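Trainee: The numbers in the working numbering rise by one with no breaks, and the one at position 79 of the sequence shown is 82.
Careful, some of the hints might be misleading.
To be verified - The calculated lysine-lysine pairs, modelled on BS3-like cross-linking and capped at a C-alpha distance of 25 Å, are:
| no. | residue 1 | residue 2 |
| --- | --- | --- |
| 1 | Lys384 | Lys226 |
| 2 | Lys105 | Lys137 |
| 3 | Lys335 | Lys220 |
| 4 | Lys51 | Lys37 |
| 5 | Lys299 | Lys288 |
| 6 | Lys137 | Lys299 |
| 7 | Lys111 | Lys37 |
| 8 | Lys304 | Lys288 |
| 9 | Lys226 | Lys304 |
| 10 | Lys137 | Lys37 |
As the list claims (entries may be wrong) - Cβ-Cβ distance ranges computed for the label pairs, FRET-style:
| no. | residue 1 | residue 2 | range |
| --- | --- | --- | --- |
| 11 | Val429 | Asn354 | 26 to 32 Å |
| 12 | Gly310 | Asn410 | 40 to 46 Å |
| 13 | Asn410 | Ser270 | 49 to 55 Å |
| 14 | Gly134 | Glu92 | 19 to 25 Å |
| 15 | Glu281 | Asp38 | 43 to 49 Å |
| 16 | Asp440 | Pro166 | 41 to 47 Å |
| 17 | His368 | Asp38 | 28 to 34 Å |
| 18 | Gln227 | Glu307 | 40 to 46 Å |
| 19 | His409 | Met42 | 15 to 21 Å |
| 20 | Gly132 | Asp20 | 17 to 23 Å |
Source of the hints: derived by calculation from the structure; they are not laboratory data.
Quick caveat, the model's predicted, so the values are computed rather than measured.
Note that beta-carbon positions come from the ideal geometry of N, C-alpha and C, so glycine has one too.
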Amino acid sequence: MQHILEAIQSGAAAGDDFANLEIPDHYRAATVHKDEVDMFEGIASRDKDPRKSIHVEDVALPELGPGEALVAVMASAINYNTVWTSIFEPVSTFGFLERYGKLSPLTKRHDLPYHVVGSDLAGVVLRTGPGVTKWKPGTEVVAHCLSVELEEPDGHDDTMLDPQQRIWGFETNFGGLATIALVKANQLMPKPAHLTWEEAASPGLVNCTAYRQLVSKNGGDMKQGDNVLIWGASGGLGGFATQYALNGGATPVCVVSNEEKAAIARSMGAELIINRSEEDYRFWKDEHTQDPKEWKRFGAKIRELTGGEDIDIVFEHPGRETFGASVYVTRKGGTITTCASTSGYMHEYDNRYLWMNLKRIISSHFANYRESWEANRLIAKGKIHPTLSRTYSLDDVGQAALDVHHNAHQGKVGVLCLAPEEGLGVRDEEMRAQHLDAINRFRGV
């Protein structure tokens with residue numbers, strides 16, 4: 004791996020140099036173990052500690068198959084799916100790997116007693132399998148996390164509808180929290196030249212998810228002038244949704260939980276802020292009963308900020324805690340786009356406000372290759388910026404996952420894999436200088 008790192012850092016190695024590099028038969032990776040899936044049994048979700056379940060260890064290099072690539076991973080990032088994997092909720096990911104392994108002799112590689120996790124990366128192509136023509140060894144890339152087989156017709160209009168659609172590093176093995184990753188070649192996209200490795204790795208999953216959920220015709224189909232309610236507007240998903248609303252001529256109404264997060268939203272250009280702590284909204288009277296009066300109070304606050312207008316699109320991801328309020332405050336004919344459900348999957352809402360007012364609920368899950376490419380292109384053009392707040396070493400990935408699990412972070416948390424330190428990998432210093440304040444907006448928060 005040291006020879007690979009030296010070639011990357013030299014800046015002088017050509018494609019043939021990378022193609023001729025020896026690749027080790029083992030590499031360092033963050034894993035969870037199949038024989039430990041019951042280790043947190045009887046423990047409350049919040050008290051489950053990823054530091055106990057995530058192992059950083061040497062694993063065997065997988066066989067490279069047709070249409071695939073091996074990538075030297077300079078940096079990766081933490082997503083909630085890594086947290087869920089590490090605490091074995093809502094289910095163990097080894098069930099995903101077992102089912103995938105039954106598909107073909109090639110996919111059997113993924114069904115192992117350990118799971119290499121991680122759904123983001125920035126790095127350099129080392130090898131490509133048969134049939135790959137677009138990507139060459141030595142190319143600097145980032146990867147989106149959509150893994151599809153596309154052997155059935157269902158996915159050929161929108162690849163997210165492929166019956167074999169999976170999230171790489173969550174529902175497949177050999178993810179990005181490692182020094183080498185195995186990806187399908189159609190996951191690869193050009194690395195933005197003005198960003199460091201850790202900055203380039205961090206947008207991936209959440210940026211593409213936000214793009215589809217809010218901008219794409221498959222999601223909110225946002226237009227200029229729309230009022231967009233964004234829950235958790237300074238977070239991993241919400242930080243990108245806020246940028247997309249502003250960049251696309253919409254008006255974000257940003258919901259945050261404290262003044263520090265409100266300041267982040269304002270720094271992105273948002274003006275309409277709702278601080279939940281100050282307003283003290285209590286949408287639930289108890290575990291089983293919502294309070295419509297609080298929905299109405301919330302709606303009145305929105306109208307106060309917007310000059311009497313209701314919400315056109317709700318960017319929903321908290322789920323159970325907020326969903327009833329989200330449906331209520333959406334305008335007649337408006338749209339609630341939903342993903343994730345980080346506060347609970349069992350949503351409850353008053354259907355009268357949906358059906359009688361012709362509102363729509365649209366489900367959204369990651370993004371197809373075209374949407375991911377467009378989202379990455381906007382990063383590369385400096386229209387949308389990373390939300391990286393802090394970076395950890397690969398050895399400290401358990402602590403990084405714990406911080407995300409406890410929401411002790413803002414934006415995205417990065418992980419250095421092969422990169423020995425932060426700040427490496429910038430190829431366009433002039434463009435970087437133009438956007439430096441925006442790139443560093445979340446740093447240290």
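Trainee: Confirm or reject each hint.
Mentor: Hints versus structure:
1. Note on Lys384 and Lys226: the hinted pairing holds, with a Cα-Cα distance of about 21 Å set against a maximum of 25 Å.
2. At most 25 Å may separate the alpha-carbon atoms for a hinted pair to count; Lys105 and Lys137 exceed this at roughly 29 Å.
3. Restraint check for Lys335 and Lys220: satisfied, since their Cα atoms lie roughly 19 Å apart, inside the 25 Å limit.
4. Annotation: proposed proximity of Lys51 to Lys37 holds, straight-line Cα distance about 16 Å (limit 25 Å).
5. At most 25 Å may separate the alpha-carbon atoms for a hinted pair to count; Lys299 and Lys288 meet this at roughly 14 Å.
6. For the proposed pair Lys137 and Lys299, the alpha carbon gap of about 53 Å is over 25 Å, so the pair is violated.
7. A hinted pair counts as satisfied when its Cα atoms are at most 25 Å apart, and Lys111 with Lys37 qualifies at roughly 16 Å.
8. Between Lys304 and Lys288, the direct Cα distance comes to roughly 20 Å. Compliance with the 25 Å bound is thereby established for this hinted pair.
9. Straight-line distance between C-alpha atoms of Lys226 and Lys304 comes to about 23 Å, which keeps the hinted pair within the 25 Å bound.
10. Distance restraint check for Lys137 and Lys37: the Cα-Cα separation of roughly 36 Å exceeds the 25 Å cut-off, and the hinted pair is therefore not satisfied.
11. One distance hint, 26 to 32 Å for the beta-carbon pair Val429 and Asn354, is violated here, with the actual separation near 52 Å.
12. For Gly310 and Asn410, the hinted distance range of 40 to 46 Å is not satisfied, since their beta carbons lie about 33 Å from each other.
13. Separation of Asn410 from Ser270 is about 20 Å and departs from the stated range, judged on CB atoms against 49 to 55 Å.
14. Distance hint for Gly134 and Glu92: a CB-CB separation of about 37 Å, inconsistent with the stated range 19 to 25 Å.
15. For the pair Glu281 and Asp38, the beta carbons lie near 48 Å from each other, so the given range of 43 to 49 Å is met.
16. Checked against the hint of 41 to 47 Å, the C-beta distance between Asp440 and Pro166 comes to roughly 45 Å, which is consistent with it.
17. Taking 28 to 34 Å as the suggested C-beta distance range, the pair His368 and Asp38 conforms, at roughly 30 Å.
18. Range check, Gln227 to Glu307: Cβ separation about 23 Å, and the 40 to 46 Å hint is violated.
19. Judged by the Cβ atoms, the range 15 to 21 Å given for His409 and Met42 holds: they are separated by roughly 19 Å.
20. Look at Gly132 against Asp20: about 20 Å separates their beta carbons, and that is inside 17 to 23 Å.
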